[in-house]
Amino acid sequence: MRKIVSRFLFSVGAAAVAPSTLLAQEHSGIAISDLCTKPEYAAQSEKLWDYVTKLDKTEVYIAYLEACGSSSLTANYAATAREIVVQRTANFTNLPKAVHKIAFEDSNPNGFTSVYVY
Amino acid sequence: MLPPFASEVGVARREGAAAYEDFLALIDAAEAQGADDWLNWADREAARRFPRDMELIARWMLHETIRGQADIVRTLRAVLSSLAPEEGHKPVILDALARADFLLGHCDDGAERLRLLVLLAPEHDPSRAKAAQLRGLVSVGRVDEALALARARTNTGAPDLVSALVETFQAGNAYAELCAQVQAMGGLDTVTDPHLATIYLAALEALGRLDECLREGSAFLDRVPDSAAIAQLLRFVAIRLDRLAEVTPLLVRSAKVLTGRPEAVELQALIALDADDYALARDILARLPDQTGESACRLRLGIATTDPSATRRQARQAYRAYRQLGVTHAGPEMQYGSYVQNAARSRSDLAEALSVVEAGVPHARGNPFFHRLYLSLLIACERDAEARAHLSGLPEGLRRARLLREVELSFRQTDGAHDAVRKAWIQHGREGGYRVFSAKTDPALPARPSQAVKGRVVVFAVVFNGIDYVQPFLDHYRQLGVESLVIVDNASTDGTREFLARQPDVVLYDHPGSFRASAHGVAWINPLIQTHALGRWALFVDIDEHLVFPGLDQGRSLTDLVDYAEVRGAGCFPSYMLDMFATPASARKGFAGHRYFDRKYVSFRSVLPPYRMVQGGVRGRLTGRQFLITKSPLVRVDPDVVFLENNHLHTHLPPCDVTTALLHYKFVGDAKARFVEAVERGEHFLGGRFYRDMLARLNGNGIRRGLWARRYRGVDQLVRMGLVTSTPNWDVWKGRE
Chain P
1 MRKIVSRFLF SVGAAAVAPS TLLAQEHSGI AISDLCTKPE YAAQSEKLWD YVTKLDKTEV
61 YIAYLEACGS SSLTANYAAT AREIVVQRTA NFTNLPKAVH KIAFEDSNPN GFTSVYVY
Chain R
1 MLPPFASEVG VARREGAAAY EDFLALIDAA EAQGADDWLN WADREAARRF PRDMELIARW
61 MLHETIRGQA DIVRTLRAVL SSLAPEEGHK PVILDALARA DFLLGHCDDG AERLRLLVLL
121 APEHDPSRAK AAQLRGLVSV GRVDEALALA RARTNTGAPD LVSALVETFQ AGNAYAELCA
181 QVQAMGGLDT VTDPHLATIY LAALEALGRL DECLREGSAF LDRVPDSAAI AQLLRFVAIR
241 LDRLAEVTPL LVRSAKVLTG RPEAVELQAL IALDADDYAL ARDILARLPD QTGESACRLR
301 LGIATTDPSA TRRQARQAYR AYRQLGVTHA GPEMQYGSYV QNAARSRSDL AEALSVVEAG
361 VPHARGNPFF HRLYLSLLIA CERDAEARAH LSGLPEGLRR ARLLREVELS FRQTDGAHDA
421 VRKAWIQHGR EGGYRVFSAK TDPALPARPS QAVKGRVVVF AVVFNGIDYV QPFLDHYRQL
481 GVESLVIVDN ASTDGTREFL ARQPDVVLYD HPGSFRASAH GVAWINPLIQ THALGRWALF
541 VDIDEHLVFP GLDQGRSLTD LVDYAEVRGA GCFPSYMLDM FATPASARKG FAGHRYFDRK
601 YVSFRSVLPP YRMVQGGVRG RLTGRQFLIT KSPLVRVDPD VVFLENNHLH THLPPCDVTT
661 ALLHYKFVGD AKARFVEAVE RGEHFLGGRF YRDMLARLNG NGIRRGLWAR RYRGVDQLVR
721 MGLVTSTPNW DVWKGRE
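Going down the list, the sequences are from chains P and R.
By the numbering used here, the letter at position 5 of the first sequence is numbered 5, and the numbering carries on one by one without gaps.
By the numbering used here, the letter at position 43 of the second sequence is numbered 43, and the numbering carries on one by one without gaps.
I should point out that these hints are in silico values taken from the structure, not numbers from a laboratory.
It is possible that some hints are incorrect.
To be verified - Example chain P residues on the side facing chain R (calculated, C-beta under 8 angstroms, incomplete): (1) Ile62; (2) Leu65; (3) Ala79; (4) Val86; (5) Gln87; (6) Asn94; (7) Pro96.
To be verified - Residues of chain R placed beyond 12 angstroms of chain P at every Cβ, according to the derived structure: (8) Asp22; (9) Arg298; (10) Arg347; (11) Val453.
Positions of the beta carbon are idealized from the N, C-alpha and C atoms, including for glycine.
Chain R on its own, in the form it takes in the complex (with noise of 0.2 angstroms):
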């Protein structure tokens, strides 16, 4: 066992040696120790004293080699290539020479040397050299041969080898077969290279496969708690399953394990971020010793683009700030780009993200958050040949992660290969990491003997406690013609349940279980649509929206709508949540108050079904969050479709030209204590943050007019500002004939 470096037992210990086989002694402790410091002295002590020992020479260049020195090696290499074959075949100095030539990018001079070694010398472990190989060839772009190279090597087990493995499956986007290696070797139990394991998550997570990574990352995190990568990607995860909150002690845990170290801080900062407390976020990241190095950078411009209350032009400087430190990833135009895009409220907003995200495109290498949102910005701004372009000129894996995978299911729905998209749905659905698939909960249950449903579109909706809201509710869905109602009530205390029972049309179905647990409702209400609207039109809602469209003002039916998007081939309607507000004044006059609605929307197409994205409304200008307010709440149904997250989005369905909106009555009646107790129950996304920050902006009921507020005079107001889209065919549409 090697003493401490610097100590005085070191400082004796380097003073005595001077023999060879001190040397060789020193040296293969350094090694074994891993003791970087002993190493380098050893190597360089060695030299001087035995320059012509060119197995010495050999060891020191596979150190230098495995530091990355390439100055170096490419003198030793020099020194070593020049041998003569009796001494140059020695397995020592192939073997490094090999990895040498591999570290340097001579990949073909390295494929002869390792041929050689192989031959010449059957007892050498070659795994190291296999693995230099693999970096070697993954490091000057021939990926595509590492990962003929990696698919034809047996695993023997050396863990360097494994790892190349693992690194060349995940250089070459092939996640199915990285997981397979892994999982061959033993699975995760058996890894304890924080690397390897961070590497093996996030193509966990680029398949879709987010609840194993979810318990395996949790279980390793457990094991190895030093694990600042891991503990991020985890809580990413975490968040996109709703279930930060199991996540949270963890990454506790490893902040305090990592203490005196960067990545505590920044993991410090983001679990102030996660509880809201934007603050202590930035006391923390005060507390960073290098407030201009990448972490510092890093963490500014999370928190400008998370805190509601910091302005554009803060998260811009936090941007420009990270970008001048020229780090080669694309970290900070993900960063700033997706914050630009979500709190877009204009098309020139759209063409700032994307010429913000342009710019990491040299950086991006196969990461696929970044390509995914290039193409989403490329979709929106209406550049779709590019986008095209952009994602087929992509590794062939990296076209197959779940991300990508959508925009090519979106390409395909585009050329109406709507058949082929619903079997692929049927599959990418279940492998895409949507919270339904894996949510725990049993069906809901009748509340009485079953009833027939009636009429072409049938309404379903989940409820608790809502009495302010269900006569209106029911009122709005029977002036539309609708003659059944699917409802799922969530064990009401306050009399919704009893006033539901009573009504005829309604079909009552009872859930006491948790809201959160069913993926907010979205598992109760998939099987009820397959059982009661098979054949037929769902209009999945919650029970403060109310569906409008083009031609509502005139008397046109619902029945009439649905039956013009199947005679031209679609299957669902593109929508969105107009938030309809009072003002102090008009507040308590319930929904007739509620008259008006800020006029800042913009409408970009989008990746998945409905294909269009809406964002702006009165929530958003309030909060300063980014709500997602798209919805495709009207869709025909097939045995195959299924919605995913609520009622923004379902599989396979090609959208009608003709849009709709919601009016989205989210204010009418106490909205303040509905709030608080949203917040207390904890059910909605997020520990219901948004419930948070709308209270904390909330005076009494009403909201103050401003420029941005219009009153609502009725749909074809919307069509005139381009809130909803009718068409010369819709217009002209006189029924099916």
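With the rest of the complex left out, here is chain P (with noise of 0.2 angstroms):
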């Protein structure tokens, strides 16, 4: 029983302490960073767009922006994110309560997950 539980502990810390892209890894072994900057991965790039204006949380524009916000290839989306956060940033509205990290998931329809890391 002992052996159960700390193994069990073991995990759920394991969990919390993973980086961004190693549970990006974990999913599907596609960093979201890639999708932004191989243009072989365009197509999903865009549905990550999609995704991430969908879900129009702060958090997950910010977590787009700390993924793709220096590629070139999704210069106009990162623009349009950062302008979404400022604003709402300068109009105290929906600001970020916690730090989101966006991940791959084929098994999930849109392909995405957008997972809370703190």
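Bring the two chains, given one by one in their own frames, into a single complex with the hints.
Have a look at this one:
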């Protein structure tokens, strides 16, 4: 019994501290930043932006910026995401309450999940 | 120049701002004026209107960084960090990001951005980012890295960097470097920032450079009177130097300038406390608008622990109320813990004081006062191993602060490193902030051609109008076998001088100058001890103090006692004043009538020579004040020994395992008249505050006996009661072989 409990605690602990890229790779083997920077993933990149705008959460826009903000392929989307985050911050609306990471997940109909980290 | 934010002109100015240039001009002006209300509005309004202008966003983030708005900074940092290098590497953005990194504790990211900034934009001033780096490292506990950077960093004179350098040296307790930094940029005269000035003055205090601290701090407070923290620091230093009267007018002025702020109320109350006007202090406390806030709690605890008529329960309640505020510093523990320690009359009181102070350890940070108090209590409670572990765990810079150096020296003395301790005290005594080294007085002059002294033990004393005392004094010490007494007469007018001049064994000196200016006679006695007692033993006593020691009842001599100490390698004898008093009925019988003493004393180990502290006695019981009754009057004289505070403390001498007591005849004769005179002369510590208290409580010259009083029957009685210590070695000592 003691062994089971300790294993359970260990696995919970590991999930809580795992870096975002690790989480993303755990799901699919594809890092989100690859979707934005590699032309061969252009279709998934479009889907990603759709996913982000559909969720319309400041935390997710920030997660998108962290993954794709510096890519020239998605510069327009990133500029929009920045504008939205800046406006919301200036207006004290929808301020982020947590840090999210986006993960690519084949089994999800959208292909993506927003993973709450802390 | 921006108009007041809420004014009509201000409203119009905001309504008129529309173009990008309007906002830039507003932000520039608000930055220059430090108009935070304008800046807050302009940043947000500009962000709403021009949300894609990342340079504007960078400036906004900087302002939020300065305000410490971590949540907003975290969001904006994510926005700016995501920029492609061609935009993200613009100096304004790199600078802002680096500073945000440091605020948020991402010091390595910040260091990389700072490196890029210096590399890519050599014309950009990186001083603020460098300052942020120092603060960031300190705030995440990487103080050693911050110190190394600060030491390597050239001071460009940029104000923010100077402040950060000073703050870093403070965090690393590198007080000497801190002071050198401020002095290198022109000294305190060039400083206008009270925060920076406070750090500098506190460093001077920590180094024991109290005279400098008081001089420079007074000049600063005169120039910038609305500096409440400096006013309080100066008050503390002035009390220590017994120069409160010089500083009080400055404190009064500061309190006036600060009118309307809680600091003013606190300062006014402290001034009232210094004048012993506790009713006024309480009235002032009642004026504070927030009676449950920190100012009120601090002041309430200050009054409860200073007013002699306040009960221990009131002090405890005030402490608990203060602690319940959840403050993140150890102020409540220091104030209440030191009060309990000073009022201690038993070992359980000391244990209580320790448990109070222990609760403050997590909040103490680098406060040398706190750590000294904590270490003193650990030592008092015989928890040496913990004290040593705590001391060795403190940062090196903090261990060099004068208060902690003394703890280290006490451990070295305990370990037997007497010669090293002696050498260290030569330096430390002068750097330790002791008044005797800054006393401004001339030497006492011999009343007649120099006389040779005789005997192994020479008595030293200062006297003013002591005619009721001198004969019993001489009788007592002659009886102990003393052959020479060196006495400084401080311009007596009652015949004391003439009487002493007739005594063949008295080497008489004159000094008509201020007793107070001579650090209460110590500056006169120290050189005389070197002149007359080098290689002998000096017994420095007040004229109303009669030394007793174990074996005296059996006729053992003082010479025998010091021989015993020498053989055991000791250089001093822990002692204390055993206050003798008379009942109203026995008061008229002079010394013989003063045969009672309080039995309630507590003795415990302490940090300074003679390494033993004693508390208790009738004066403390009557007045509610804590008197320093610990003494160490009998010392072996080498060229380096110095008395520091009267005969209470001295430098470097290892203590003997046998202890002594001074029968203290404070109340003999017309005590009331003498106390009135002492208050009027103002020559005693803190203007004779303790004499004032005694006067308020003396009814005639007698004191009613109570359950706590005992009749004095001899030294053996004191040994049995544990009020002096003998040892089996001394009991069987047959003299030097």
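Against the structure, the hints come out as follows:
1. Ile62: With a minimum Cβ separation of about 5 angstroms from chain R (threshold 8 angstroms), the hint on Ile62 (chain P) holds.
2. Leu65: Constraint on Leu65 (chain P) satisfied, holds at 4 angstroms.
3. Ala79: holds (6 angstroms)
4. Val86: Where the cut-off is 8 angstroms and the nearest Cβ of chain R is about 4 angstroms from Val86 (chain P), the hint holds.
5. Gln87: holds (5 angstroms)
6. Asn94: violated (11 angstroms)
7. Pro96: For Pro96 (chain P), the interface hint holds, since the closest Cβ of chain R sits about 6 angstroms away, which is under 8 angstroms.
8. Asp22: holds (17 angstroms)
9. Arg298: holds (35 angstroms)
10. Arg347: holds (45 angstroms)
11. Val453: holds (78 angstroms)
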